[in-house]
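K.L.:
In case you want the letters, here they are:
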Amino acid sequence: MEQRTHLPAGLFLMVWAALLVLTGVTVTVAGLHLGSFSVFTAIAIAAVKASLVLLFFMRLKYEPFFFRVMLFAAVATITVIMALTFADVAFR
Amino acid sequence: MSTTAHAAPHAHRDPVGSRIGMWLFLLTEMLLFAGCFLAYAVFRTRYSDDFHFAAQELNLSLGLLNTLVLLTSSLTMVLGIAAMERGRARAAAAWTGATIAMGAAFLAIKGFEWAAKFRHGIYPNSPELASAHTMGEQVFYGLYFTLTGLHALHVIAGMALLGIMGAFILRALGRGGAGGGEGVLAGRLENAGLYWHLVDVIWIFLFPLFYLIS
Numbered sequence: 001m002e003q004r005t006h007l008p009a010g011l012f013l014m015v016w017a018a019l020l021v022l023t024g025v026t027v028t029v030a031g032l033h034l035g036s037f038s039v040f041t042a043i044a045i046a047a048v049k050a051s052l053v054l055l056f057f058m059r060l061k062y063e064p065f066f067f068r069v070m071l072f073a074a075v076a077t078i079t080v081i082m083a084l085t086f087a088d089v090a091f092r
Numbered sequence: 001m002s003t004t005a006h007a008a009p010h011a012h013r014d015p016v017g018s019r020i021g022m023w024l025f026l027l028t029e030m031l032l033f034a035g036c037f038l039a040y041a042v043f044r045t046r047y048s049d050d051f052h053f054a055a056q057e058l059n060l061s062l063g064l065l066n067t068l069v070l071l072t073s074s075l076t077m078v079l080g081i082a083a084m085e086r087g088r089a090r091a092a093a094a095w096t097g098a099t100i101a102m103g104a105a106f107l108a109i110k111g112f113e114w115a116a117k118f119r120h121g122i123y124p125n126s127p128e129l130a131s132a133h134t135m136g137e138q139v140f141y142g143l144y145f146t147l148t149g150l151h152a153l154h155v156i157a158g159m160a161l162l163g164i165m166g167a168f169i170l171r172a173l174g175r176g177g178a179g180g181g182e183g184v185l186a187g188r189l190e191n192a193g194l195y196w197h198l199v200d201v202i203w204i205f206l207f208p209l210f211y212l213i214s
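Chains as they are written, first to last, in the working numbering: chain A, 1 to 92; chain B, 1 to 214.
Read the hints as simulated data drawn from the structure, not as lab findings.
Here a beta-carbon is modelled for each residue, glycine too, at the ideal position from N, C-alpha and C.
Where hints are given, some of them may not hold.
[As the list claims (entries may be wrong)] Computed footprint of chain B on chain A, listed as stretches where at least three residues anywhere in the stretch have a Cβ under 8 Å from a Cβ of chain B:
(1) 26–40
(2) 43–55
(3) 60–71
(4) 81–88
[To be verified] Here are some chain A residues pointing at chain B (derived, C-beta under 7 Å):
(5) Thr23
(6) Ala74
(7) Ile78
In isolation and in its complexed conformation, chain A is listed as follows (with noise of 0.2 Å):
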C-alpha cells in the first residue's frame, strides 16, 4: 500500500487564496488596454493559475515522475499542433 503525502487543509487555502488574487490581478490587468500585451498577460496570468491547480489541488507535485511525463507529451502535442497551424495560417 503506497503512504499518500497528507496535505494540510491551510496549503490548499493558500493556493485558493492565490488563485482569487490572481483572478482580481487579470481583471484589473485587462482593465488597463494595454493592447496585444494584454492578451499575453491574460495567458500567462492563467497559465500560472492553471499550473496552482495541477500542482497542488491534483497533486502533480507530489506524484511520480511519470505524470509529468504524461502531461509533457499532452502539452508539447498540443503545443506542436499548434505552431504548425499558425505556420501555415499566418502567411496564407
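Model the placement of chain B on the given structure of chain A, informed by the hints.
P.N.:
Just chain B now, with coordinates in the frame of chain A:
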C-alpha cells in the same frame, strides 16, 4: 492499510495505476479543448476587431462570479478528499455535497447569462446573428456557445460523478463506517476530484479568452 485489508476481495488495488488511467483520460479532454482553443486563436487573429467588440457584449460580472464559484468549488473538493483520506467520511460527504452545490450554482449563473443572450436574439444560427452582426461576431458567438456549452456539459458530468462518489460514502456511513475501506473511498473521490479540477482548469482559460480580451 491495516493487515485485514489483505483478506478483502479488493486486496489487489493499484491506486497509482488508477490515477494514471484518470490522467490519461484527462489528457484526451485537454486535447479536445485545445482543438477548440486553436479554432478560437485562428479566428481571433483573422477577426480581431469583431472579437474585441463582441467580447465587450459579454457580462464580465457574471463571468467573474462564475470564476470565483468554480475556484472555490475546487477548494471544497480537495478538502473533501483530505477529509476522506483521514477517515472522516461525514466531513468528506459534506464537502462533496458543497462542491456539487457550487457546480449547480455555476450552471444556474451560466443559464442566466445564456438566457439574456437568447432574449437579445443571440443564439446559434439565429436570424438576428446572421443579419445584424458581422462575420467575425458570428464566429465569436459560435465559439462562445460551443466552448461554454461543452464546458457546462463537463460540469454536469462532474456533478454526476461526484454524486456517485458521495453516494458511496453515504452508503458506507449508513453501514456504520467504511470498515477499512476508507482508502478505496478516498481513491475514488480523488479520481473524481481530478476530473472536477480539470473542468476548473479549462474555465481558467475560457474566462480571460471570452470575457477579458477585448
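K.L.:
Check each numbered hint against the structure and report the violated ones by number, ascending.
P.N.:
The structure conflicts with no hint, since it agrees with every one listed earlier.
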